[in-house]
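Asks: Sequence:
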Amino acid sequence: MERFLSSWFVSSVALALAALLLGSHMTIGDADETTLNRVLALAIVGLVFTIVHLFVGQVVKLIALPFIVLTLGILLVVINALLLLLTEWITSAFGVEFGVDGFWWAFLAAIVISVCQSILSAIID
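Here the sequence shown is numbered in UniProt numbering, starting from 1 and rising by one per residue.
It cannot be assumed that every hint is accurate.
What follows is a set of in silico ranges between Cβ atoms, one per label pair, in the way DEER data are often shown [what the hints assert, rightly or not]:
id	residue 1	residue 2	range
1	Q58	S24	29 to 37 Å
2	F103	A31	19 to 27 Å
3	S121	E33	27 to 35 Å
4	L36	W104	27 to 35 Å
5	G73	I119	17 to 25 Å
6	G102	A31	18 to 26 Å
By construction, these hints were calculated from the structure, which means they are not laboratory data.
C-beta atoms are modelled at their ideal positions from N, C-alpha and C, and glycine is treated no differently.
Please build the complete structure, drawing on both the sequences and the hints.
Replies: Listed below in structure tokens is the structure:
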């Protein structure tokens, strides 16, 4: 349980940093809402991203393992971008404001999120 909560926190912070760096190309929460509502939206998006990454991501990465080896790991960024777009789709079904402007912005966000998660996980662990 502690590992899941740690992963949720790290993912939420990484998503917030990616949204900050990408500006209007990746948004979490509505700009007109209060800070509390935006933090709540970030926590929900972080939770959904963590669950998607833990369950769907592991299965997809296991199935794509030969192609990941062939592409020297570049396919991992593509998979993470697609998982981010899946998170966008799931959160929109729940009415949470989260948006990414297409695949290439999700690709760039996946790189930023991966780097942030690596750094934050090293600090927390």
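Asks: A separate judgement is required for each hint: does it hold in the structure or not?
Replies: Hint check results:
Distance hint check for Q58 and S24: the Cβ-Cβ separation is about 32 Å, which falls inside the suggested range of 29 to 37 Å. For F103 and A31, the hinted distance range of 19 to 27 Å is satisfied, since their beta carbons lie about 24 Å from each other. Checked against the hint of 27 to 35 Å, the pair S121 and E33 passes, with Cβ atoms roughly 30 Å apart. Here the CB-CB span from L36 to W104 is close to 32 Å, well matched to the stated 27 to 35 Å.
At about 18 Å, the beta-carbon gap between G73 and I119 stays in the expected band of 17 to 25 Å. Evaluation of the 18 to 26 Å hint for G102 and A31 yields a pass: the beta carbon distance comes to about 20 Å.
Hint compliance for this structure: every hint is met.
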